[in-house]
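2 protein chains.
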Amino acid sequence: MVDPNGIYFLGPKGSFSHEASLNMSGLHVEAKSISEIFEKVANEGSIGVVPVENTLEGPVNETLDNLYKWNGVFVNYRIDMRIKLVLAVRNGTRLSDVKKIYSHSHAIHEARNTLSKMGLTNFIPVESTSKAAQLASEERDSAAICSEFAANIYGLKSVLSGIEDGVNITRFLVISKNYTSIGDRTIVLFTIPDVPGALYKVLEKFYIYNINLSMIYSRPTKIVPWNYYFYLEFEGDVDTAEKLGLVRELKEVTNELKIRGSYKMLNSVKHD
Amino acid sequence: MVDPNGIYFLGPKGSFSHEASLNMSGLHVEAKSISEIFEKVANEGSIGVVPVENTLEGPVNETLDNLYKWNGVFVNYRIDMRIKLVLAVRNGTRLSDVKKIYSHSHAIHEARNTLSKMGLTNFIPVESTSKAAQLASEERDSAAICSEFAANIYGLKSVLSGIEDGVNITRFLVISKNYTSIGDRTIVLFTIPDVPGALYKVLEKFYIYNINLSMIYSRPTKIVPWNYYFYLEFEGDVDTAEKLGLVRELKEVTNELKIRGSYKMLNSVKHD
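As given, the protein sequences belong to chains A and B, one line each in that order. For the first sequence, the UniProt record's numbering assigns the number 1 to the initial residue and increments by one for each residue that follows. For the second sequence, the UniProt record's numbering assigns the number 1 to the initial residue and increments by one for each residue that follows.
Quick caveat, the hints were computed from the structure, so don't treat them as lab data. Beta carbons: idealized from backbone N, C-alpha and C, even for Gly. Where hints are given, some of them may not hold.
To be verified - With a cut-off of at most 25 Å between alpha-carbon atoms, the simulated DSS-like pairs for lysine-lysine come out as follows:
#, chain 1, residue 1, chain 2, residue 2
1, B, K100, A, K222
2, A, K32, A, K13
3, A, K157, A, K99
4, A, K264, A, K243
5, B, K222, A, K117
6, B, K201, A, K251
7, B, K177, B, K251
8, A, K69, A, K32
9, A, K117, A, K100
10, B, K84, A, K222
11, B, K251, A, K201
12, A, K69, A, K251
13, A, K177, A, K40
14, A, K222, A, K69
15, A, K258, A, K177
16, A, K100, B, K32
17, B, K222, B, K40
18, B, K243, B, K177
19, A, K201, B, K201
20, A, K131, A, K32
21, B, K100, A, K32
22, A, K177, A, K243
23, A, K264, A, K40
24, B, K84, B, K222
25, B, K222, A, K84
26, A, K251, A, K177
27, B, K264, B, K69
What the hints assert, rightly or not - Looking from chain B toward chain A, a few residues come up when the C-beta cut is under 8 Å (computed):
#, residue
28, Y179
29, L203
30, Y207
31, L213
32, I216
33, R219
Stated by the list, open to error - Derived CB-CB ranges, DEER-like:
#, chain 1, residue 1, chain 2, residue 2, range
34, A, L27, B, E256, 33 to 39 Å
35, B, E242, A, K13, 56 to 62 Å
36, A, K69, B, K69, 32 to 38 Å
37, B, Y179, A, I182, 50 to 56 Å
38, A, G166, B, E148, 39 to 45 Å
39, B, Y179, A, S214, 31 to 37 Å
40, B, K251, A, E138, 54 to 60 Å
The task is simple: from the sequences and hints, build the whole structure.
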């Protein structure tokens with residue numbers, strides 16, 4: 001899928017989103033926020049690559065809220081990416097020279113155990129792992145905890161790899177204005193009546209048709225306090241759900257039902 | 001409820017958590033993180049006041065994850081607090097002198113509309129609204145978007161009030177080592193078998209007993225990728241649920257069920 005209007009990813013250059021976006025060919029363009037990516041897709045027909053969930057931090061709220069907001073934006077593909085961290089330094093710097101280690105606080109948290117055992121303990125949190133790589137490229141006595149990809153972009157060499165503790169897989173969605181109704185999974189967002197059993201009655205529909213749910217999250221609607229919408233992914237596609245009558249039945253038990261399409265897995269990773 | 005071991009709140013002084021904690025009498029102690037508060041409660045028998053959800057941002061993941069983690073920590077009370085923002089300056093500074101406005105990015109987002117209309121547009125994001133108040137107390141040409149409470153603590157006077165756009169109510173939980181089984185609402189956390197209909201079968205139990213759910217969130221367990229636990233609040237208390245047989249039935253349809261107790265509303269606010 002090559003897009004003349006650009007493939008937007010969450011910057012800065014060297015970010016995990018940037019790396020994930022390379023699964024799509026075309027002109028890769030940096031965006032400042034996830035909301036900006038949705039605007040580009042909705043208003044200019046661009047393609048977007050946005051993080052939606054990861055195994056350690058959970059859902060990415062800004063992506064969920066934008067999927068709820070934009071009725072003309074749909075999900076076409078999913079990209080799973082295993083986040084592997086390296087310790088990277090500029091050319092000429094040796095591990096024994098390193099006095100400061102830059103990274104995002106999440107990545108520091110992940111690599112702290114391994115690095116502390118080697119006597120490396122002076123961690124400085126910065127806004128992103130790519131920013132860390134950039135800083136390490138400018139200072140002789142510093143290092144960055146970042147991806148191999150970011151290290152390459154900023155001309156660093158990796159001196160330690162596989163330094164992360166947990167299994168961190170980040171899931172990205174490829175979004176566009178094209179509605180796709182065939183795929184492995186389907187994304188719907190909905191609100192429910194404020195009565196006992198309302199969510200139960202929605203889930204009952206999937207149970208009756210023996211359809212597995214792969215993800216369910218609730219989020220505040222931000223309009224009325226303590227009012228929620230639900231983000232739900234189920235296995236199978238909209239075409240099948242339409243034929244079964246599931247879509248019609250879901251409309252009966254929800255206040256508002258927004259179908260964001262079915263997607264295919266563009267790539268996925270195994271976890272150990 | 002006065003506690004000799006201290007009532008821990010998420011600092012810095014002047015934070016919304018600090019203000020919420022004043023609903024409990026005793027020695028108020030500042031903590032650096034939500035996780036530290038849970039440790040103090042679990043290990044030293046202190047009382048903690050932690051934010052759990054707000055109407056604009058949704059759940060506070062660090063609180064949910066700690067409730068899941070600590071088997072000896074229970075919820076006793078809830079405090080709802082309406083977040084009202086003021087523009088505050090030090091004594092002697094007039095509105096027309098203000099060149100810089102400090103605040104947390106969320107508060108800037110909330111107050112931007114109102115302030116922009118008055119020509120106030122130079123916003124500088126800092127780590128918290130209390131930090132903003134502290135900075136404004138040190139600089140003659142700056143102001144802070146913060147609570148009236150923080151303004152007072154840092155000796156500022158408020159020159160504009162009610163400057164926020166949305167209705168932001170933050171909900172806090174009072175936690176301790178005391179298990180309470182009587183109250184208005186009950187908090188349970190659970191994992192479910194990986195089969196179609198597993199969540200449906202849990203919700204069915206509440207439906208059968210006509211018990212309303214007030215909140216449900218899913219979070220990654222962080223142990224196995226794409227494995228979730230659920231945080232659920234229902235109306236009514238554990239004592240009643242035990243008598244009905246609901247607790248026993250919930251154990252049959254969950255893998256692991258953690259009951260964190262029933263709580264009372266210590267105070268709650270109406271939204272307009």
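Do the hints match the structure? See the list:
1. B:K100 <-> A:K222: Violated: B:K100 and A:K222 sit about 29 Å apart, past 25 Å.
2. A:K32 <-> A:K13: Satisfied, since the Cα-Cα distance of roughly 11 Å is no more than 25 Å.
3. A:K157 <-> A:K99: holds, 17 Å
4. A:K264 <-> A:K243: holds, 19 Å
5. B:K222 <-> A:K117: holds, 23 Å
6. B:K201 <-> A:K251: Given that 25 Å is the threshold and the Cα spacing comes to 21 Å, the pair holds.
7. B:K177 <-> B:K251: At roughly 23 Å apart (the allowed maximum being 25 Å), B:K251 and B:K177 satisfy the hint.
8. A:K69 <-> A:K32: holds, 19 Å
9. A:K117 <-> A:K100: holds, 16 Å
10. B:K84 <-> A:K222: Since the Cα atoms of B:K84 and A:K222 sit roughly 16 Å apart, the hinted pair holds (cutoff 25 Å).
11. B:K251 <-> A:K201: The given pair, whose Cα atoms are some 21 Å apart, holds under the 25 Å limit.
12. A:K69 <-> A:K251: Holds - the C-alpha atoms of A:K251 and A:K69 are around 18 Å apart, at most 25 Å.
13. A:K177 <-> A:K40: OK: A:K177 and A:K40 at ~10 Å, within 25 Å.
14. A:K222 <-> A:K69: holds, 11 Å
15. A:K258 <-> A:K177: holds, 14 Å
16. A:K100 <-> B:K32: Answer holds: A:K100 to B:K32 is near 23 Å, not above 25 Å.
17. B:K222 <-> B:K40: holds, 23 Å
18. B:K243 <-> B:K177: Holds, at about 24 Å.
19. A:K201 <-> B:K201: Satisfied, since the Cα-Cα distance of roughly 11 Å is no more than 25 Å.
20. A:K131 <-> A:K32: Roughly 14 Å separates the two Cα atoms, so the pair holds.
21. B:K100 <-> A:K32: With a Cα-Cα distance of about 23 Å, the restraint between B:K100 and A:K32 holds, given a limit of 25 Å.
22. A:K177 <-> A:K243: Holds, because 24 Å separates the two Cα atoms, which is no more than 25 Å.
23. A:K264 <-> A:K40: With Cα atoms ~22 Å apart, A:K264 and A:K40 stay inside 25 Å; holds.
24. B:K84 <-> B:K222: violated, 35 Å
25. B:K222 <-> A:K84: Satisfied, since the Cα-Cα distance of roughly 16 Å is no more than 25 Å.
26. A:K251 <-> A:K177: Cα-Cα ~23 Å, so holds.
27. B:K264 <-> B:K69: Within the cut-off at roughly 22 Å; holds.
28. Y179: violated, 26 Å
29. L203: holds, 4 Å
30. Y207: Holds, because the Cβ-Cβ distance from B:Y207 to chain A comes to roughly 4 Å (cut-off 8 Å).
31. L213: B:L213 check passes; min Cβ-Cβ to chain A is 7 Å, inside 8 Å.
32. I216: holds, 6 Å
33. R219: holds, 5 Å
34. A:L27 <-> B:E256: 33 to 39 Å: Between A:L27 and B:E256, where Cβ atoms are some 48 Å apart, the hint is violated.
35. B:E242 <-> A:K13: 56 to 62 Å: Holds: the Cβ-Cβ distance is about 57 Å, inside 56 to 62 Å.
36. A:K69 <-> B:K69: 32 to 38 Å: With Cβ atoms ~33 Å apart, the hint holds.
37. B:Y179 <-> A:I182: 50 to 56 Å: holds, 51 Å
38. A:G166 <-> B:E148: 39 to 45 Å: holds, 42 Å
39. B:Y179 <-> A:S214: 31 to 37 Å: holds, 35 Å
40. B:K251 <-> A:E138: 54 to 60 Å: holds, 57 Å
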